[in-house]
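S.K.: Listed here are the chains, written in short residue letters.
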Amino acid sequence: MQAEDAEVVDGYLKGETQAVGTVDSWIARAAYPYQRRLATRWDDVLQDIRLEVTRLLMQGKFRGESSFKTYLWRVVSHTCLDQIRSDGRVKWTEINGDDPEEPSFNTASPANEGPGARSEVKDLLLRVLERVPAECRELWRMINAGLSYREMSNRLGVAEGTLRVRVLRCREKAVAVRAELAGAAL
Amino acid sequence: MNCQEAIERLPWWLNGSLEPEERREVEAHLAECASCREALKETRLAWEVYAQHVPIAALVAYAADERPEGSDPSLFERHLEDCPQCAAELEMARASRLLSEHNEVPLLVPRQTAVPARRPSRERGWQAAALAAGLTGLVAMGGWVGTVQQLHRSAAQLASVERETPRLRGGKAQAAPAAGGHSISAQLSADSVVRGETLSKPVAISLPKAGEATILLNHPADTPGEHAYKILDAQGRTLASGEGLQPSPLHSYLVTFDSKLLPPGPYTIQLSSLGSAESPTSFSFIVK
Numbered sequence: 001m002q003a004e005d006a007e008v009v010d011g012y013l014k015g016e017t018q019a020v021g022t023v024d025s026w027i028a029r030a031a032y033p034y035q036r037r038l039a040t041r042w043d044d045v046l047q048d049i050r051l052e053v054t055r056l057l058m059q060g061k062f063r064g065e066s067s068f069k070t071y072l073w074r075v076v077s078h079t080c081l082d083q084i085r086s087d088g089r090v091k092w093t094e095i096n097g098d099d100p101e102e103p104s105f106n107t108a109s110p111a112n113e114g115p116g117a118r119s120e121v122k123d124l125l126l127r128v129l130e131r132v133p134a135e136c137r138e139l140w141r142m143i144n145a146g147l148s149y150r151e152m153s154n155r156l157g158v159a160e161g162t163l164r165v166r167v168l169r170c171r172e173k174a175v176a177v178r179a180e181l182a183g184a185a186l
Numbered sequence: 001m002n003c004q005e006a007i008e009r010l011p012w013w014l015n016g017s018l019e020p021e022e023r024r025e026v027e028a029h030l031a032e033c034a035s036c037r038e039a040l041k042e043t044r045l046a047w048e049v050y051a052q053h054v055p056i057a058a059l060v061a062y063a064a065d066e067r068p069e070g071s072d073p074s075l076f077e078r079h080l081e082d083c084p085q086c087a088a089e090l091e092m093a094r095a096s097r098l099l100s101e102h103n104e105v106p107l108l109v110p111r112q113t114a115v116p117a118r119r120p121s122r123e124r125g126w127q128a129a130a131l132a133a134g135l136t137g138l139v140a141m142g143g144w145v146g147t148v149q150q151l152h153r154s155a156a157q158l159a160s161v162e163r164e165t166p167r168l169r170g171g172k173a174q175a176a177p178a179a180g181g182h183s184i185s186a187q188l189s190a191d192s193v194v195r196g197e198t199l200s201k202p203v204a205i206s207l208p209k210a211g212e213a214t215i216l217l218n219h220p221a222d223t224p225g226e227h228a229y230k231i232l233d234a235q236g237r238t239l240a241s242g243e244g245l246q247p248s249p250l251h252s253y254l255v256t257f258d259s260k261l262l263p264p265g266p267y268t269i270q271l272s273s274l275g276s277a278e279s280p281t282s283f284s285f286i287v288k
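Listed in order, the protein sequences are those of chains A and B.
Quick note: the first sequence uses the numbering used here, first residue 1, plus one each step.
Quick note: the second sequence uses the numbering used here, first residue 1, plus one each step.
Source of the hints: derived by calculation from the structure; they are not laboratory data.
Among the hints, erroneous ones may be present.
[To be verified] Only pairs whose alpha carbons sit at most 30 Å apart, straight line, appear in this in silico DSS-like list of lysine-lysine:
no.	chain 1	residue 1	chain 2	residue 2
1	B	230	B	288
2	B	230	B	260
3	B	260	A	14
4	B	209	B	230
5	B	209	A	14
6	B	201	A	14
7	A	173	B	209
8	A	14	B	41
Turn these sequences into a full structure, and let the hints steer you where they fit.
M.R.: See below:
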């Protein structure tokens, strides 16, 4: 680790004003391109970044393989992109299976971006995605974005019934390709 | 509602956009129809496929001109060509790296106030991201030429703000902190106030037993310019005050005072923008 970086890290962990200010200004530069996307909760995200930086430094995760500024950029980018994705992710409605006679309905996040998602599964799903028609990807992007079928129908200039059938075909296509590729992978 | 009608509506039932009456009809049908519940499982499988994106770690690796680990990079690259959301995120990461590594590249405009989201829609989100990425790309490709003088002025202003953020003692702005300065005792966020009622609970903090204490006030949605502060006790008496506070680029303010002024008990720091008619922002805390 470079001596200058070691000095800043040490000062930051001690809460020294100058070191905290230096790290804050580096975070500000790295975070700037993400700021507008995260504007409504910028304060929380900055606090998350500071906490993450402090946690990583206290655990000795920064070993000086890159400069401290570059390391901070990685932490900032990971944190901000993660927040942007979680902000934009529509939560799907789910049936609570505890009582099948009288289902209650709540929401849960799709599991595709969960920490336990394995890279093989991710690769498989991405392969399926590139095998389905581009029109299907476009239609489902709108669904994943939370658009209603009426909004989609107006936007695309297609009758609602036609649109619903097209989306159904795209669902069937994705499921079929997924089964095919998953079977081939076994 | 019959099975065909229910199955066709499942994607929009999942994304929560059905009208209440239609949603209730789908749910009533699902509660009674096992084959439609199977169709729902398939709809979720399809949703997972269509919601795929390049992992964040891979985007950061690409932005660092590195090869992503653990997966087939060509798969990611093909996805990046097709997905505006991932392309926009990669451009943001690249712009972030550029700003991080090159201090000579000025920030475009210092942001002063939070911009409320017009609508919590993912699609609107990636469209905005694509637009932002496009603009960023244009600026980057243009070598930051054209408005560079204005940009340098902005950067100089920011630098001076950072350099001259004053410490306050006894109501007067003092010089910038000396090298190696002293510790920040606490960071406070503004109280959450709705219709005059404070919802957030005051934070309990510890101050040094003697000497100066410094508190960092985080206030990202604040107005620009000079600020004044007052530290009030529970009876509303002013124990310390000062002017000349300037926000840091991260919209935080350093307030320094004699720790003996604040024995254990509840206090409020009121931060107000000079020349603004807006009410002061309160930061409540309890000294342990």
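S.K.: Now, for every hint given, state plainly whether the structure supports it.
M.R.: Right, here's what the structure says about each hint:
For the suggested pair residue 230 of chain B and residue 288 of chain B, the alpha carbons sit about 20 Å apart, so the restraint of at most 30 Å is met. At roughly 16 Å between alpha-carbon atoms, residue 230 of chain B and residue 260 of chain B fall within 30 Å of each other, so this suggested pair holds. Taken as a hint, the residue 260 of chain B and residue 14 of chain A pair is honoured in the structure, with Cα atoms around 22 Å apart against an allowance of 30 Å. Our distance criterion of 30 Å between C-alpha atoms is met by residue 209 of chain B and residue 230 of chain B, whose separation comes to about 21 Å.
With a CA separation close to 18 Å, the supplied pair residue 209 of chain B and residue 14 of chain A stays within the 30 Å bound. Between residue 201 of chain B and residue 14 of chain A, the direct Cα distance comes to roughly 27 Å. Compliance with the 30 Å bound is thereby established for this hinted pair. A hinted pair counts as satisfied when its Cα atoms are at most 30 Å apart, and residue 173 of chain A with residue 209 of chain B does not qualify at roughly 69 Å. This hinted pair does not check out: residue 14 of chain A and residue 41 of chain B have alpha carbons roughly 52 Å apart, beyond 30 Å.
Violation of the numbered hints given earlier is confined to hints 7 and 8; the remaining hints are satisfied by the structure.
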